[in-house]
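Asker: So you can see what is in the structure, the chains are spelled out below.
Protein chains: 2
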Amino acid sequence: MGGLSLTILKLGGSIITKKDKPFTPNLESIDRLAVEIAKASVKSLIIVHGGGSFGHPVAKRYKLKEGYRHASQILGFTKTRQAMTTLNGYIIDALIRHRIPAVAVQPSACTITKEGRIFNIDMKPMLKMLKTGFVPVMYGDAVPDLTLGFTILSGDQLIANLASDLAAKRIIVGVDVDGLYTADPKLDPKAQLIASLNLQELNRLQLAVGGSTSLDVTGGMFGKIAELMPIVEKGVEVIIINAGVPNRVYRALTNRGVVGTRLRFR
Amino acid sequence: MGGLSLTILKLGGSIITKKDKPFTPNLESIDRLAVEIAKASVKSLIIVHGGGSFGHPVAKRYKLKEGYRHASQILGFTKTRQAMTTLNGYIIDALIRHRIPAVAVQPSACTITKEGRIFNIDMKPMLKMLKTGFVPVMYGDAVPDLTLGFTILSGDQLIANLASDLAAKRIIVGVDVDGLYTADPKLDPKAQLIASLNLQELNRLQLAVGGSTSLDVTGGMFGKIAELMPIVEKGVEVIIINAGVPNRVYRALTNRGVVGTRLRFR
Numbered sequence: 253m254g255g256l257s258l259t260i261l262k263l264g265g266s267i268i269t270k271k272d273k274p275f276t277p278n279l280e281s282i283d284r285l286a287v288e289i290a291k292a293s294v295k296s297l298i299i300v301h302g303g304g305s306f307g308h309p310v311a312k313r314y315k316l317k318e319g320y321r322h323a324s325q326i327l328g329f330t331k332t333r334q335a336m337t338t339l340n341g342y343i344i345d346a347l348i349r350h351r352i353p354a355v356a357v358q359p360s361a362c363t364i365t366k367e368g369r370i371f372n373i374d375m376k377p378m379l380k381m382l383k384t385g386f387v388p389v390m391y392g393d394a395v396p397d398l399t400l401g402f403t404i405l406s407g408d409q410l411i412a413n414l415a416s417d418l419a420a421k422r423i424i425v426g427v428d429v430d431g432l433y434t435a436d437p438k439l440d441p442k443a444q445l446i447a448s449l450n451l452q453e454l455n456r457l458q459l460a461v462g463g464s465t466s467l468d469v470t471g472g473m474f475g476k477i478a479e480l481m482p483i484v485e486k487g488v489e490v491i492i493i494n495a496g497v498p499n500r501v502y503r504a505l506t507n508r509g510v511v512g513t514r515l516r517f518r
Numbered sequence: 253m254g255g256l257s258l259t260i261l262k263l264g265g266s267i268i269t270k271k272d273k274p275f276t277p278n279l280e281s282i283d284r285l286a287v288e289i290a291k292a293s294v295k296s297l298i299i300v301h302g303g304g305s306f307g308h309p310v311a312k313r314y315k316l317k318e319g320y321r322h323a324s325q326i327l328g329f330t331k332t333r334q335a336m337t338t339l340n341g342y343i344i345d346a347l348i349r350h351r352i353p354a355v356a357v358q359p360s361a362c363t364i365t366k367e368g369r370i371f372n373i374d375m376k377p378m379l380k381m382l383k384t385g386f387v388p389v390m391y392g393d394a395v396p397d398l399t400l401g402f403t404i405l406s407g408d409q410l411i412a413n414l415a416s417d418l419a420a421k422r423i424i425v426g427v428d429v430d431g432l433y434t435a436d437p438k439l440d441p442k443a444q445l446i447a448s449l450n451l452q453e454l455n456r457l458q459l460a461v462g463g464s465t466s467l468d469v470t471g472g473m474f475g476k477i478a479e480l481m482p483i484v485e486k487g488v489e490v491i492i493i494n495a496g497v498p499n500r501v502y503r504a505l506t507n508r509g510v511v512g513t514r515l516r517f518r
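Chains as they are written, first to last, in our numbering: chain A, 253 to 518; chain B, 253 to 518.
It is possible that part of the hints are untrue.
Note that the list lumps identical chains together, so a pair holds whenever it fits in one copy or between two copies.
Unchecked claim - Listed next, the in silico DMTMM-like pairs over lysine to aspartate or glutamate satisfying Cα-Cα at most 20 Å (straight line):
#	residue 1	residue 2
1	LYS383	ASP430
2	LYS317	GLU367
3	LYS380	ASP440
4	LYS421	GLU453
5	LYS295	ASP428
6	LYS438	GLU367
7	LYS271	ASP428
8	LYS383	GLU367
9	LYS442	GLU479
10	LYS380	GLU318
11	LYS273	ASP417
12	LYS383	GLU318
Calculated from the structure, these hints are not laboratory results.
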């Protein structure tokens with residue numbers, strides 16, 4: 253993949269759905285993001301989005317992440333799996349409306365995990381589409397798992413894997429806060445945005461804040477950064493930005509200065 | 253796959269969509285079929301459906317089957333590809349409503365063709381889901397092609413490939429006529445239904461009728477049978493039935509006598 257100079261853009265579930273209303277897309281936000289992506293006109297781009305209020309409620313109720321333990325989970329899996337296709341459809345529709353040649357790539361059709369970690373992704377169809385000029389759009393999904401039967405694959409694990417296998421140049425992670433803070437900015441007025449962070453600083457901070465503050469089935473901000481750090485070590489540029497603020501995704505995609513947290517190797 | 257005793261059910265595009273109205277599902281028909289499939293309760297089942305008025309109009313206009321020749325086709329590909337996901341969504345929703353653990357498996361996410369013929373399908377995720385107790389649902393799709401850039405993969409080529417690779421026991425092909433006739437039953441009142449047909453008889457008949465009467469981008473009835481004959485030679489039971497007539501799919505799924513055309517090796 254050298255020469256493709258690949259960009260991976262992650263759109264968090266909290267940006268593209270209304271987090272408090274199950275199965276409700278944030279159509280305004282999706283449309284604005286499609287406009288920003290179209291305007292940036294990045295050559296080689298893969299988009300990965302989260303599940304937000306489409307993926308999480310049913311996945312949580314049926315404990316899908318833990319694997320297949322009871323027959324009652326079977327319909328929960330099918331509903332979560334299909335809800336992700338529905339959410340993805342809203343995003344593809346918006347991208348096509350703005351003339352971005354977006355093509356859905358269903359992760360559970362080409363990915364198998366083992367104990368919740370990616371065991372194999374057949375990337376050949378997706379890569380062929382990327383090289384032909386399309387913008388593949390993937391997402392966190394309910395996937396088959398070799399040992400667990402099935403599980404939940406987070407968009408964050410997926411982007412880390414894609415970035416590594418395809419030697420991506422950069423990952424832009426769009427969330428609903430400005431980046432990583434020294435404390436929870438919603439609770440602590442003294443919380444400060446961390447403009448740049450390396451692995452050592454992350455470990456120190458994690459101890460200070462008191463470990464993971466995971467609020468959703470796929471992990472919170474620390475989980476997100478922990479997934480991405482091995483990629484940063486491989487030389488991939490990673491920046492976490494607030495995709496809910498207009499123009500931040502556009503500025504990040506076009507390499508303009510933007511508020512956010514950059515992850516550094518050293 | 254020995255021991256799974258796999259059944260593949262094909263649902264033709266003309267049954268699940270309103271053929272004269274672009275992008276219009278036949279919801280009544282889809283719901284009735286979901287009821288029949290639920291009632292039959294087949295253990296190991298893969299469903300494959302066609303595109304009908306979702307897949308064909310745009311694919312035809314942009315000549316997608318012939319491959320990538322002009323930049324204007326790019327958006328045609330993305331629209332056709334996405335229309336298939338939309339149609340598939342109606343079918344998955346109906347199946348889940350009737351408590352069938354249906355899981356979409358997007359062919360273009362796991363399949364790559366070469367000169368329009370399947371070059372590779374990564375079936376591992378789909379197989380794992382099948383073995384866990386789900387009903388994978390695939391479809392004719394706009395897919396990446398190694399030499400053409402992209403093309404259209406017909407549901408018929410797909411079922412032949414699946415049946416061969418997974419050593420299926422039987423294929424039930426649901427179309428909008430009772431089976432293969434000695435002449436076009438819509439034009440010739442003397443046309444007779446052929447209850448059973450082998451390869452030799454097919455060749456003789458094809459000469460008599462005057463070759464392919466292909467009316468859609470994926471070929472007509474002869475194209476369908478030509479795709480399936482190599483599978484019949486491998487010992488897979490194949491029957492073509494009218495899925496538009498209530499209870500025929502149910503009777504075929506439960507091995508009851510049913511009107512149709514059986515394909516025989518000899």
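Asker: Each hint needs a verdict: does it hold in this structure or not?
Answerer: Here's how the hints hold up against the structure:
no.: 1; hint: LYS383 <-> ASP430; in the structure: neither (32 Å within a copy, 44 Å between copies)
no.: 2; hint: LYS317 <-> GLU367; in the structure: within (10 Å within a copy, 40 Å between copies)
no.: 3; hint: LYS380 <-> ASP440; in the structure: neither (47 Å within a copy, 47 Å between copies)
no.: 4; hint: LYS421 <-> GLU453; in the structure: neither (23 Å within a copy, 59 Å between copies)
no.: 5; hint: LYS295 <-> ASP428; in the structure: neither (26 Å within a copy, 44 Å between copies)
no.: 6; hint: LYS438 <-> GLU367; in the structure: neither (34 Å within a copy, 56 Å between copies)
no.: 7; hint: LYS271 <-> ASP428; in the structure: within (11 Å within a copy, 44 Å between copies)
no.: 8; hint: LYS383 <-> GLU367; in the structure: between (32 Å within a copy, 17 Å between copies)
no.: 9; hint: LYS442 <-> GLU479; in the structure: neither (27 Å within a copy, 69 Å between copies)
no.: 10; hint: LYS380 <-> GLU318; in the structure: between (33 Å within a copy, 17 Å between copies)
no.: 11; hint: LYS273 <-> ASP417; in the structure: neither (36 Å within a copy, 43 Å between copies)
no.: 12; hint: LYS383 <-> GLU318; in the structure: between (36 Å within a copy, 18 Å between copies)
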